[in-house]
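Undergrad: With the hints as constraints, model all of the structure from the sequences given.
Line by line, the protein sequences are chains Y and B. Counting in numbering that gives the first Met the number 0, the first sequence runs from 0 upward without gaps. Counting in numbering that gives the first Met the number 0, the second sequence runs from 0 upward without gaps.
Think of the hints as simulated: they come from the structure by calculation, not from any bench. Idealized CB from N, CA, C, for every residue including glycine. Hints may contain errors.
Said to hold, decoys possible - Looking from chain B toward chain Y, a few residues come up when the C-beta cut is under 7 Å (computed): (1) 25; (2) 131; (3) 133; (4) 141; (5) 266; (6) 283.
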Amino acid sequence: MSETPQPLYAPQEPIFPRRVTGFFRTFKWWIMAVTLGIYYLTPWIRWDRGPALPDQAVLVDLANRRFYFFWIEIWPHEFYFVAGLLIMAGLGLFLFTSALGRVWCGYACPQTVWTDLFILVERWIEGDRNARVRLWNAKWDVKKWRLRLTKWIVWLVIAVATGGAWVFYFTDAPTLLRDLLAFEAPIIAYTTIAVLTATTFLFGGFMREQVCIYMCPWPRIQGAMMDDDTLTVGYREWRGEPRGKKHDDTTGDCIDCMACVNVCPMGIDIRDGQQMECITCALCIDACDDIMARIGKDRGLIDYLALADEPRERAGNPPRPIWHHILRTRTVIYTTLWSLIGALLIFALFIRSDIDLTVEPVRNPTFTTLSDGSIRNTYLVRLRNKLGEPREFRISLRSDALLRLELEGSDQRIITVAPDSTTQQRVYVIARPQDPAASIDRTDLRLWVEDVNSDARASRDTSFNGKANP
Amino acid sequence: MADKKNDIDETSGIETTGHNWDGIKELNNPLPRWWLWCFYLTIIWGVGYTIAYPAWPMITGATSGVLGYSTRAEVAQDIARFDEQNSALETALADADLTTLAENEELHRYAVAGGAAVFRAQCSQCHGSGAAGATGYPNLLDDDWLWGGDIENIAYTIRHGVRNETDFDARWSEMPAFGDILERDEIDGVVQHVLAISGQDHDAELAATGAEVFYDQCSACHAEDGVGNRDLGAPNLTDAIWLYGSDVAALTETVRNARFGIMPPWGERLGEADTKAVAAYVHQLGGGE
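TA: Quick look at the structure:
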């Protein structure tokens with residue numbers, strides 16, 4: 000019965016990814032440069048929208064409830080654009096995962112990109128893998144303190160810049176930067192920067208692969224989108240085994256040099272097969288290709304593979320072409336759905352009117368009797384002017400019945416709406432006592448608003464309640 | 000329970016805990032240690048939280064927390080902040096000339112929005128949430144006004160009320176109960192006359208006799224042609240709007256026993272700014288003159 004007590008909690012195994020060069024590493028450097036560039040620079044792009052509106056190209060203006068994206072301005076009631084983009088992002092993720100496995104994780108996920116950046120800094124200050132292992136095991140002397148502190152300070156600077164860039168998306172960037180430096184910015188700006196600085200520093204510097212393995216739900220969901228035709232990073236075990244240093248007919252191509260293991264940022268051995276920890280960053284492919292080139296073997300002992308090809312490859316046949324794996328029912332369905340929503344959104348963007356009209360019939364009471372016996376209905380008309388200049392709208396009524404239109408507080412039928420804002424106007428529709436609309440239950444009518452100076456117009460259908468309305 | 004140490008599961012290659020239930024083994028996938036530390040941290044955080052903020056229920060209340068935080072104080076702070084934000088508009092409204100209020104768009108919008116809120120809280124009990132009134136309580140949406148429908152008259156009525164005994168300046172008039180003064184057939188004639196001048200079905204013969212009675216008894220307040228007199232709060236009897244109903248029974252009741260609608264004065268309770276706000280709100284409901 001007695002046994003050594005088993006550990007219930009595992010300490011984090013330190014990982015020291017070795018430097019690697021190659022096609023995928025270069026590709027990832029480019030992705031890092033582009034994504035970080037977009038993230039840090041976007042808030043600083045200016046876009047002239049006229050005097051009444053902000054000139055920041057991308058701005059989430061929470062206080063005024065507007066989202067600006069270059070020439071597009073989204074109002075809160077147009078949130079379906081954001082919902083549509085989120086659905087497209089989701090479907091896009093499904094598509095890429097079913098075709099290419101965890102490419103998002105390996106190439107574009109912020110956790111991967113920032114970890115890569117932090118490892119780059121680490122390597123630059125403390126040296127490559129062997130030096131870092133030595134430093135890890137070394138006593139905490141002056142040199143170790145100096146290297147560690149330098150590294151942490153650089154990390155911290157990157158982390159502050161990361162949190163700092165985030166807040167610029169929510170208000171005018173140059174103004175906020177001035178305020179931040181003068182300690183006059185709102186407390187929420189400093190809090191946001193502090194929280195994002197802490198998470199970036201912690202996740203990029205110390206948590207790294209732990210975030211992917213234990214905190215992120217995505218790896219667990221992905222299994223549902225992958226199948227035997229999904230291209231993932233794998234080891235051609237039939238070509239590599241039995242592995243060994245000897246170089247003769249009894250051994251496979253794998254010389255057990257551990258290059259693939261040493262470069263892995265997740266600390267796994269890809270030769271054990273597909274595993275949950277693998278983010279398919281493809282660095283082991285670069286590492287192995289480098290070794291294969293040196294010992295004069297073909298590249299691709301570790302490569303992007305589809306499990307479906309395994310029997311063919313074992314039999315000595317070449318794998319099927321990539322498009323054969325990528326073009327299959329589920330990817331076609333994902334692509335179709337993705338394009339469909341994208342096309343709908345673009346269509347919606349183009350038919351979007353620069354005026355917006357809502358008509359809310361007042362039903363408390365359903366109608367009012369006037370002193371001459373006329374029946375009056377009230378409507379709350381909300382008019383949105385999405386342009387940067389004030390506009391005048393003429394309001395009119397179309398109906399088969401005889402009805403009169405009046406505006407509260409005005410003898411005219413003109414509503415003026417200030418730039419980029421909404422106006423509410425009480426509108427009255429009146430039926431004379433002798434006209435049928437006053438006596439019957441309901442009469443359909445349509446309210447039109449037309450820009451006095453352009454051909455922009457909008458209409459809403461509503462109804463008029465007569466005395467027979469219960 | 001355990002048969003051997005460090006048993007490795009064949010399928011997964013992971014060590015088991017050695018626990019075996021009828022052949023079902025438990026894999027030992029240890030939690031990361033930092034996860035455990037996070038768990039301890041939440042406990043420490045939780046204890047600290049209950050010390051810092053109101054938490055533990057006691058007999059007469061709860062521990063107040065060392066930070067002295069209270070949601071009630073936060074609400075009071077928010078209200079004070081909004082009062083501060085609106086103080087300029089509030090002062091301007093209290094000093095505003097009602098006849099020119101609509102020209103100041105920002106102040107007018109503020110007054111109407113504030114007036115709507117006060118109306119719902121203080122006025123809707125009698126006049127209805129949509130201001131449509133009820134029998135005996137005037138409809139504020141239509142174009143018929145007992146005491147005048149321009150914004151200053153509306154404000155006066157709100158400020159001093161109608162026929163109340165608390166405000167010396169209240170609107171006042173009192174219709175006599177004609178049941179003690181007129182004979183029954185005279186009353187029937189007046190009722191038919193009123194039906195006639197308001198364009199409803201009536202008995203022409205009775206109405207003709209009623210016209211004389213009306214001239215003698217009613218025209219002093221309601222005017223000879225029955226259009227009423229706003230100075231006396233005497234309603235217009237020729238239009239389509241009836242506070243107590245326009246059928247024979249309702250009219251007979253009114254003539255015999257009279258009506259005596261009361262509205263309390265609101266000027267002191269609401270204060271100057273809110274009184275004007277309600278006036279502005281009521282004035283823009285559709286009947287304002």
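Undergrad: Taking the hints in turn, state whether each one holds.
TA: Verification of the supplied hints:
no. : hint : verdict
1   : 25   : violated (11 Å)
2   : 131  : holds (4 Å)
3   : 133  : violated (10 Å)
4   : 141  : holds (5 Å)
5   : 266  : violated (25 Å)
6   : 283  : holds (6 Å)
In this structure, the earlier hints numbered 1, 3, 5 are contradicted, and the remaining ones agree with it.
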